[in-house]
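Respectively, the protein sequence lines represent chains A and B.
Under numbering that gives the first Met the number 0, the residue at position 153 of the first sequence is numbered 152, and the numbers go up by one with no gaps.
Under numbering that gives the first Met the number 0, the residue at position 63 of the second sequence is numbered 62, and the numbers go up by one with no gaps.
Quick caveat, the hints were computed from the structure, so don't treat them as lab data.
Quick caveat: nothing in here was measured; it's all calculated off a predicted structure.
Keep in mind that the hints are not guaranteed to be accurate.
To be verified - List time: in silico BS3-like cross-link candidates among lysine-lysine, alpha-carbon distance up to 25 Å:
1) K199/A with K304/A
2) K203/A with K222/A
3) K199/A with K8/B
4) K275/B with K199/A
5) K304/A with K275/B
6) K8/B with K215/A
7) K300/A with K203/A
8) K275/B with K119/A
9) K132/B with K220/B
10) K203/A with K186/B
11) K215/A with K203/A
12) K275/B with K300/A
13) K186/B with K29/A
14) K119/A with K8/B
15) K132/B with K203/A
Unchecked claim - Using C-beta positions, here's what the derived DEER-type ranges look like:
16) G22/B with G164/A: 19 to 27 Å
17) F158/A with L56/B: 29 to 37 Å
18) K304/A with K8/B: 35 to 43 Å
Just so it is clear, CB atoms sit at the ideal spot from N, CA and C, and this is done for glycine as well.
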Amino acid sequence: MANVKGSVATVNENSLGRKPTIWETLSGEKYFKWMLALPLIIVLLVFMVYPLIFCLYKSFFQSSLSGNAIFIGLENYRVMLHDINFWIPLGRTFQVTVICIVAEILIGLGLGMLWNRDFKGQNIVRGLILLPLLVAPLILSIVWNFLLEYNIGFINQLFVAIGLGRVNWWAPSGALYTICAITIWQWFPFSTSVLLAGLKSLPKDVFEAARVDGAKSWFTFRKITLPMLSPLIVIITLLRTMWLIRLFDPLYGTTRGAVGTELLDWMVYRTSFVYFDIGYGSTLAIMSLFLTMIIGAIMFKQLIKTLNASN
Amino acid sequence: MKNKGITFKRVLFWVITSLVLLGVLGPLLWIYLTAFKSSSDIFAGTLGRQLLFTPTLDNFKRLFFQFPYFKTLGNSLIISLGSTALVMIIALPAAYSFARWNTGGGHILFNTIASRMFPGVVAAIPFFILFRKLSLLDTHIGLILLFMYFNVSFATFLLYGFFRDVPVELEQAAMIDGYGRFAIFRKVVLPLVLPGIATTSVFCLIWSWNEFLFSFLFSRKVATTITVLISSFWGSIDVQYGTMAAGAAISILPTLIAAWFMQRYIIRGLTFGAVKG
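Starting from the given sequences, assemble the full structure and let the hints guide the process.
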């Protein structure tokens with residue numbers, strides 16, 4: 000398609016019968032497309048390449064915010080590999096990511112199947128569950144912290160009223176799961192809505208045929224529904240991984256990294272902005288970036304694939 | 000659901016649906032309830048007093064008169080609008096270029112999306128040092144630039160999807176009719192992607208409005224945003240749940256309204272255009 004248009008543009012330019020002016024040259028296709036993308040490319044160079052080079056460079060130094068930097072080669076990386084304060088948050092981040100994604104997809108599948116029918120007020124129900132999605136995660140985490148407070152929190156009050164007794168939601172043994180639960184609460188509407196949209200778009204005749212053939216509903220779900228939804232499940236998994244690996248706001252609103260809830264980015268933050276250990280902080284940052292880049296590359300391919308498929 | 004009678008399945012369906020809705024809306028409703036409670040009701044140890052209380056405007060009064068609430072609200076507004084405008088100026092032409100000519104063969108587009116993967120804290124260190132040198136710390140301009148940075152990739156990718164929906168034949172027809180490139184863009188393409196531009200702008204506004212990490216690290220007094228102010232209500236020695244709830248009640252209102260009116264586009268936006276909800 001682009002070729003056809005290119006030839007039209009060439010005809011226009013040649014028909015002038017003289018040497019094109021600078022303006023005409025720049026608005027020719029070859030330059031025009033780059034001119035349009037130029038501001039973005041500059042922004043990317045400044046805002047992506049600069050931090051990357053900075054962090055990479057600093058990671059070879061022992062340096063604080065204002066003090067002198069001493070070149071120490073790969074020492075920071077060696078320290079990191081043996082640093083239990085790096086591996087534990089990394090493991091936790093992995094744990095949180097897996098728990099949240101699995102729970103969100105299961106809830107999403109369940110509610111998607113439940114709501115994949117015509118019922119009174121279906122549009123209102125679908126609209127209402129989307130409400131928490133766009134609210135600031137920081138504010139929601141503070142609200143949840145309040146709701147889960149030991150003495151006056153509504154949830155514990157409710158538990159007392161129905162005779163379950165108070166639960167210490169922020170005990171070191173369970174605080175990480177509480178944070179998972181808050182995150183799942185905010186994001187299950189996302190997986191539910193995506194999967195519901197997917198279910199609605201599935202061809203009805205396939206299910207009709209399966210029903211006529213006497214297939215059991217569990218069989219139909221496993222052999223027809225699930226495979227057809229799998230591209231969407233992949234998209235949800237990738238997008239959520241990208242967000243979850245950088246979970247920060249819910250930590251600030253609740254435990255602030257205490258009681259065994261420190262995650263990857265919180266540790267980078269603490270090293271750089273609380274201890275002002277810029278050198279080591281940069282090393283950890285590079286590592287965090289490296290992990291997200293791998294996921295990013297996979298995600299990009301998948302997004303383009305889905306975009307192409309839906310067009 | 001064809002059976003009109005009250006069956007067990009029907010009851011179960013509505014029980015689950017109501018429970019889910021209650022679970023989703025309950026905490027949001029709780030913000031609004033708490034905002035109108037007096038301190039003694041908030042800290043009351045019984046469910047009765049927490050649910051049946053005499054509404055009061057004390058929290059709002061305290062919020063408005065003892066805290067720089069309107070200033071931070073204004074800051075959030077200025078920074079969100081400023082960064083969104085900047086994002087659109089940069090992302091719009093770029094997305095058009097990627098969608099129409101596949102500029103850079105997908106590599107630039109990939110790098111655009113990759114910049115979104117960039118962990119905020121990673122970028123924060125170099126920018127903190129750079130901004131300190133340029134004395135951009137705690138300024139509106141500084142935050143506008145940072146918000147622009149983390150929104151531009153998202154906006155480009157989302158707009159890219161919308162531009163791809165415009166049939167290239169329309170542009171070719173306009174070109175044969177003798178329109179220039181800018182005229183085609185303005186008269187043919189732009190009207191067709193207007194919903195896309197609106198959706199993308201609202202998303203950028205909301206992301207900026209909700210942003211916490213950068214505003215927290217890069218502002219002290221002058222450019223403090225609403226999320227930073229609200230976060231300050233807890234963590235100090237006395238926890239001010241009432242003031243926090245009042246602040247939250249007002250500042251999440253725009254996002255709740257946006258979520259309600261943008262229903263159709265939320266999923267499309269959150270999936271970078273891959274799923275058209």
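### Ascending list of hint numbers which this structure does not respect
7, 10 and 15
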